[in-house]
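Residue numbers (our numbering): 2 to 214.
No lab work stands behind these hints, which were simulated from the structure alone.
Errors might be hidden in some of the hints.
As the list claims (entries may be wrong) - Listed next, the in silico DMTMM-like pairs over lysine to aspartate or glutamate satisfying Cα-Cα at most 20 Å (straight line):
# : residue 1 : residue 2
1 : Lys101    : Asp127
2 : Lys164    : Asp117
3 : Lys164    : Asp127
4 : Lys164    : Asp183
5 : Lys99     : Asp117
6 : Lys164    : Asp179
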Amino acid sequence: MNPFPTRQAAEAYLARIPDLAVRDATRARLGLDENQGNSQPVPSVEPVVPASAPRLICASPAAPNPEHRAPILGILTFTLPFPPSLNSIWRATLVPCKPKKPGAPPWAARILLSQDGRQYRRAVRDIIRALHNPSTPPGARLALHLHVCPPDRRARDLSNLPKALEDALTHAGVWADDSLIDELRVTRGPITTGGQVHVTITPLTATLFEVQS
2 MNPFPTRQAA
12 EAYLARIPDL
22 AVRDATRARL
32 GLDENQGNSQ
42 PVPSVEPVVP
52 ASAPRLICAS
62 PAAPNPEHRA
72 PILGILTFTL
82 PFPPSLNSIW
92 RATLVPCKPK
102 KPGAPPWAAR
112 ILLSQDGRQY
122 RRAVRDIIRA
132 LHNPSTPPGA
142 RLALHLHVCP
152 PDRRARDLSN
162 LPKALEDALT
172 HAGVWADDSL
182 IDELRVTRGP
192 ITTGGQVHVT
202 ITPLTATLFE
212 VQS
């Protein structure tokens with residue numbers, strides 16, 4: 002059954018897609034045209050999911066990007082909780098150990114994932130499982146766009162936020178390792194209750210790591 006009986010319903014669905022490229026691609030797939038009447042039926046697409054539930058959108062771009070930025074099919078878009086900052090996901094602790102040299106202390110310093118970091122990993126893992134474990138093509142180089150909507154007006158350095166989210170996506174199996182990311186873009190969005198991050202992952206057909214002939 003067609004979930005979008007009117008143009009207004011389709012526009013409401015499109016408005017919840019944060020990435021403009023994905024939104025334009027989805028608009029093209031729906032066959033929307035600015036000259037169509039507001040009551041024009043829209044071709045059937047995937048069912049509407051409530052805004053409170055995890056959502057996954059797989060789409061192709063409206064137009065290819067030039068040079069090594071050219072994406073392929075398989076864009077992943079979903080929303081995750083607001084991550085802890087880089088400064089809070091690790092903690093230093095002392096663990097017992099056998100001294101390697103005479104007179105050395107029977108302990109060693111270790112850097113471990115903090116409680117905040119562990120909780121965030123579990124939250125991301127549960128969301129990815131609810132989305133039926135989406136993943137990127139094996140070995141594909143990736144472009145990552147994070148549209149960060151903070152929970153309040155407190156000053157935050159955007160460069161401190163990606164690491165916890167990237168590590169959580171690695172732990173959840175979305176990609177093999179975050180070293181596959183060739184392009185990282187972080188943008189600030191409006192303040193949102195509780196905070197959230199809209200994630201867009203785009204596989205790339207060619208990258209700067211390829212051998213040039």
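Hints, one by one, checked against the model:
1. Lys101 x Asp127: Given that 20 Å is the threshold and the Cα spacing comes to 41 Å, the pair is violated.
2. Lys164 x Asp117: 13 Å, holds
3. Lys164 x Asp127: 19 Å, holds
4. Lys164 x Asp183: 14 Å, holds
5. Lys99 x Asp117: 30 Å, violated
6. Lys164 x Asp179: 9 Å, holds
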